[in-house]
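Visitor: Sequence:
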Amino acid sequence: MTTAPLSLDGISISKRLPFATEHNSFSPELEAEMRKIEACDLMILQFPLWWFGLPAILKGWFDQTLAMGRTYGYGNIYAYRAPATK
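First residue of the sequence shown: 1, per UniProt numbering; consecutive thereafter.
One thing to keep in mind: the hints can contain errors.
Using C-beta positions, here's what the derived DEER-type ranges look like [what the hints assert, rightly or not]:
hint	residue 1	residue 2	range
1	Pro28	Phe52	32 to 40 Å
2	Ala56	Ser27	16 to 24 Å
3	Phe52	Asn24	35 to 43 Å
In silico SDA-like links for lysine to any residue, alpha-carbon gap of 20 Å or less [claimed, not checked]:
hint	residue 1	residue 2
4	Lys36	Met68
5	Lys36	Phe47
6	Lys59	Pro48
7	Lys36	Gly60
8	Lys59	Arg35
9	Lys59	Thr71
10	Lys36	Ala20
11	Lys59	Glu33
12	Lys36	Ala67
13	Lys36	Gln46
14	Lys36	Thr71
15	Lys36	Thr65
16	Lys59	Ile37
17	Lys59	Gln46
18	Lys59	Ile44
19	Lys59	Leu42
20	Lys36	Trp61
21	Lys59	Met34
22	Lys59	Met43
23	Lys36	Phe26
24	Lys59	Glu38
25	Lys59	Cys40
26	Lys59	Leu45
27	Lys36	Phe62
28	Lys59	Ala32
29	Lys36	Gln64
30	Lys36	Thr21
31	Lys59	Gly69
32	Lys36	Ser25
33	Lys36	Ile57
34	Lys59	Phe26
35	Lys59	Ser27
36	Lys59	Glu29
37	Lys59	Phe47
Simulated from the structure, these hints should not be mistaken for laboratory data.
C-beta atoms are modelled at their ideal positions from N, C-alpha and C, and glycine is treated no differently.
Turn these sequences into a full structure, and let the hints steer you where they fit.
Guide: Below you can see the structure in the form of structure tokens.
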């Protein structure tokens, strides 16, 4: 049995995560990863740098597991004003 490839046109993580946070509808795998983060007192990440950035697989993990409103932010993204300039 073959299936058509999954199309993600018009769908972005930045739009899906707030909805999933509001409705508590994360996938079981993602929910398990988020629980691991929430249980941490301290998280130490060690990885090789590639052009002064983190590996793509780790970047993808961050993008999916660090959901605003769930693991950080709690909806007050614009609550703080920008620092004053001289």
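Visitor: Each of the hints needs a verdict: does it hold here or not?
Guide: These are the hints, each one checked on the structure:
no., hint, result
1, Pro28 with Phe52: 32 to 40 Å, "35 Å, holds"
2, Ala56 with Ser27: 16 to 24 Å, "20 Å, holds"
3, Phe52 with Asn24: 35 to 43 Å, "36 Å, holds"
4, Lys36 with Met68, "16 Å, holds"
5, Lys36 with Phe47, "19 Å, holds"
6, Lys59 with Pro48, "13 Å, holds"
7, Lys36 with Gly60, "16 Å, holds"
8, Lys59 with Arg35, "18 Å, holds"
9, Lys59 with Thr71, "16 Å, holds"
10, Lys36 with Ala20, "18 Å, holds"
11, Lys59 with Glu33, "14 Å, holds"
12, Lys36 with Ala67, "13 Å, holds"
13, Lys36 with Gln46, "17 Å, holds"
14, Lys36 with Thr71, "11 Å, holds"
15, Lys36 with Thr65, "10 Å, holds"
16, Lys59 with Ile37, "15 Å, holds"
17, Lys59 with Gln46, "13 Å, holds"
18, Lys59 with Ile44, "15 Å, holds"
19, Lys59 with Leu42, "19 Å, holds"
20, Lys36 with Trp61, "13 Å, holds"
21, Lys59 with Met34, "15 Å, holds"
22, Lys59 with Met43, "15 Å, holds"
23, Lys36 with Phe26, "14 Å, holds"
24, Lys59 with Glu38, "18 Å, holds"
25, Lys59 with Cys40, "19 Å, holds"
26, Lys59 with Leu45, "12 Å, holds"
27, Lys36 with Phe62, "13 Å, holds"
28, Lys59 with Ala32, "18 Å, holds"
29, Lys36 with Gln64, "13 Å, holds"
30, Lys36 with Thr21, "16 Å, holds"
31, Lys59 with Gly69, "19 Å, holds"
32, Lys36 with Ser25, "17 Å, holds"
33, Lys36 with Ile57, "18 Å, holds"
34, Lys59 with Phe26, "19 Å, holds"
35, Lys59 with Ser27, "19 Å, holds"
36, Lys59 with Glu29, "17 Å, holds"
37, Lys59 with Phe47, "11 Å, holds"
Comparing the model with each numbered hint stated earlier shows that all of them hold.
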